[in-house]
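Listed in order, the protein sequences are those of chains B and E.
Numbering of the first sequence is given in this note's numbering, commencing with residue 222 and proceeding in unit increments.
Numbering of the second sequence is given in this note's numbering, commencing with residue 222 and proceeding in unit increments.
Hints listed in this document are in silico derivations from the structure and should not be mistaken for laboratory results.
Be aware that one or more of the hints could be misleading.
The list cannot tell twin chains apart, which means a pair is met if one copy fits it or any two copies do.
Unchecked claim - Lysine to aspartate or glutamate pairs mimicking DMTMM-like chemistry, simulated, CA-CA at most 20 Å apart:
{"no.": "1", "residue 1": "K655", "residue 2": "D298"}
{"no.": "2", "residue 1": "K338", "residue 2": "E239"}
{"no.": "3", "residue 1": "K297", "residue 2": "E491"}
{"no.": "4", "residue 1": "K681", "residue 2": "E256"}
{"no.": "5", "residue 1": "K640", "residue 2": "E239"}
{"no.": "6", "residue 1": "K435", "residue 2": "E425"}
{"no.": "7", "residue 1": "K231", "residue 2": "D294"}
{"no.": "8", "residue 1": "K310", "residue 2": "D283"}
{"no.": "9", "residue 1": "K613", "residue 2": "E491"}
{"no.": "10", "residue 1": "K632", "residue 2": "D515"}
{"no.": "11", "residue 1": "K309", "residue 2": "D298"}
2 protein chains.
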Amino acid sequence: MNMQKPTLPKGTRDFAPEVMVKRNFIIQTIKQTFENFGFLPLETPALENLNTLMGKYGEEGDRLIFKILNSGDFLKDIQPEHLAEGYKKMTWRISEKALKYDLTVPLARFVVMNQGKITFPFRRYQIQPVWRGDSPQAGRYREFYQCDADVVGTDSLICEAEIILMINEVLQNLGLTEYSVKINNRKILAGIAQTIGMPQAETELCTAIDKIDKIGKQKVEAELAERGFPAEAIAQMQPFFAIQGDIFEKIQQLKPLLQNSEIGTKGITELEQTLELVKHFCQSDNFISQNHLDFDITLARGLNYYTGAIFEVKVHNLAIGSISGGGRYDNLTGAFGLPNVSGVGFSFGLDRIFDVLEKLNLFPAHTHTTTQVMFTNFDQTAQNYALSWLQKTRKAGIKAEIYPQPVKLKKQLDYANQKNIPFVVLIGSEEMEKQMFSLKDMQIGTQQQFHFEEMIAYIKKNSNNLV
Amino acid sequence: MNMQKPTLPKGTRDFAPEVMVKRNFIIQTIKQTFENFGFLPLETPALENLNTLMGKYGEEGDRLIFKILNSGDFLKDIQPEHLAEGYKKMTWRISEKALKYDLTVPLARFVVMNQGKITFPFRRYQIQPVWRGDSPQAGRYREFYQCDADVVGTDSLICEAEIILMINEVLQNLGLTEYSVKINNRKILAGIAQTIGMPQAETELCTAIDKIDKIGKQKVEAELAERGFPAEAIAQMQPFFAIQGDIFEKIQQLKPLLQNSEIGTKGITELEQTLELVKHFCQSDNFISQNHLDFDITLARGLNYYTGAIFEVKVHNLAIGSISGGGRYDNLTGAFGLPNVSGVGFSFGLDRIFDVLEKLNLFPAHTHTTTQVMFTNFDQTAQNYALSWLQKTRKAGIKAEIYPQPVKLKKQLDYANQKNIPFVVLIGSEEMEKQMFSLKDMQIGTQQQFHFEEMIAYIKKNSNNLV
């Protein structure tokens, strides 16, 4: 039998109540902000057909997708000679389903399957787990939540502007103050590649300069040389590396550098129009002047996928990667036979945000507790008396419980302490006689007698419970 | 390449926004009620080790568990002779992870892994998807949500009473009025088996009489005969079948029938004590007198697992199975080497509840819409003017969006209609000049001019948006 000490699969986690409350705070904040911007919830199953996912994330992605073994006798049609064909071919013989790898391919599949029913532009958000067979390491898991928002079916730059505002709003609502929403445009990157005479090597250029934050300019230049960029091309990069100042100064410096590239100039125009729209949105409440928006021509986000705006969020003074990224794409559903569907979207990483709020001590007080009051249990008489008051406390909207057995008071108080329950009600014969309740504040240790309604008001006033 | 028209795996579903809003209403109601009763959230991963799950649900369960193919070259150590050993043995060679099948075994695993850290009694709830390779049919899916609540580590009957109250509270909060919370006790069933001289056949007795609602008394008797129950035993069942009346009358009729069975008598005592506690909880607000609580000696819920109270919820006048079930167990964690952990809990089926509310038309108005107001887009001037007011509308806590392109007004209004957006703002040159806003009520078709603050107040007052 299975009498082993149980364990969890590598790279997966349980979320105990004290962690769940904090995760729920983040999810709730994101959800409310997304809905405030008119995005609607979508959920897709964990299981997708294997052929929906395979080939969408490159060879490495194909390898990291978790495949589900077919139910029943999956060996029925397997012959010994099939073994020799290798595991990749075998996968298709014994598996037809897989766990979703991100929320974008399922969105594309949903859009194609429901194109007749969806009202476009389709503004949807999706907060769900995804699975990747990566080697687990600090901050990287095999099962983790993504929080995506996309507008599908329009190329209006209003959507870019709204996404910038919405990202900013989420971060503000989470209590963050020191961060940059970085933007760039894939067309600007194409323009740079063109201008330095390497239009065919745009992808390599992006991959290399994307690392400048981590490895510095010199190493990026070395990598470009290694990737076959001639010395003149690298020399021509210098004016681009030298761009500096605020977002408008950078744009002014970039314009003449890209004047001979049509696509580069288009990228700058898109960026300027987006900023113009952000200004119209914000008016006096000027988001841009708060220095939260930054233009970074080295922002590339590897993926070939993006065709216009690119976004990323960096929290200052923390050794943690970006907590959000996204951009404009022109071909969401091409792989499923529906061409020319344009959209723009981004994704928050729940774990990264969690780590940031934890390190900066930004979780609000109400995420440190859930149950607001515990009734103690002296003996059967007091217990039976307490039950109806417990129920009335709950009806008053207060999260409440009773210790289910009349064990020693110290044990009951330890329980309340360990669960961070801020108040404890003590009911003895005196309290029953006077119809009063002794309320103990578990943080400061004081004890006060109240009539019932007073007690309810006191608990409500003094427990920061908003969940 | 994959240019196939995409599909979903059998038995899985997408939840489009209009469905998600309703599902979220159910989940939110359950969550709030559970937390009001002092239950705290737990989440466990979708992935569990294969050996955590296998052997816990019987042979049929083992077959229905979805197994994950190992990452990388899973054929590395497979020899042709392994094929001949059959797929069951092969499963263990090429798979070490699986998708969780319910929320109870993961709870048991969590309790064992964290026994040193958990504060007992452990009151946790868990609302997550589970996966089963059953044949999909109406109302049965391969990926579906369970909503569990359990108290682990105490045998206090207060927990049984609280669970009865909590189930009732959830149903009330969902707007249900015609339902029964049915209770029974496994010890009473054991007592019946003993009394009719078939103590060894308790499981068979439970399996058969559990179906009486569906197939009727005669067929149950036929099944008992088939299962080897002698005619005298079946004859001795008659007084049990004849029990009727309200919950207290039934108990009084049952008592003499079980007087020679120690375990049966213990079951009755537990039931009576639980009812006594429910009464203490409710006082004047008498839950029992509302006829929502019913004692049903044919309620058995198949599982051998339960050792005390058994619960089930039946909605009247609907051809739909039970929407909730649960009970007391004495050996949650035995399979993981930790004996004698007692607990009591139950589970709501999200899909069943959804179907019930849909059929009874009980979803509240605010679940029919999410975005509260849409700003139309006449031309670039009006659009840029509108953006700052849109942002102010959002800051006022209203869910709002703008149509992102200045297309024909009819198309914009169709979009709002299809998305059930109740209000639309029209801004033309007249409105801009007067700093007024024309608000169109999409349901009744009227249009009114407002100053901004008036408009905000009007939308808040007239859109039932609580989410």
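Hint numbers contradicted by this structure: The structure conflicts with hints 1, 3, 9 and 10, although it agrees with all the remaining ones.
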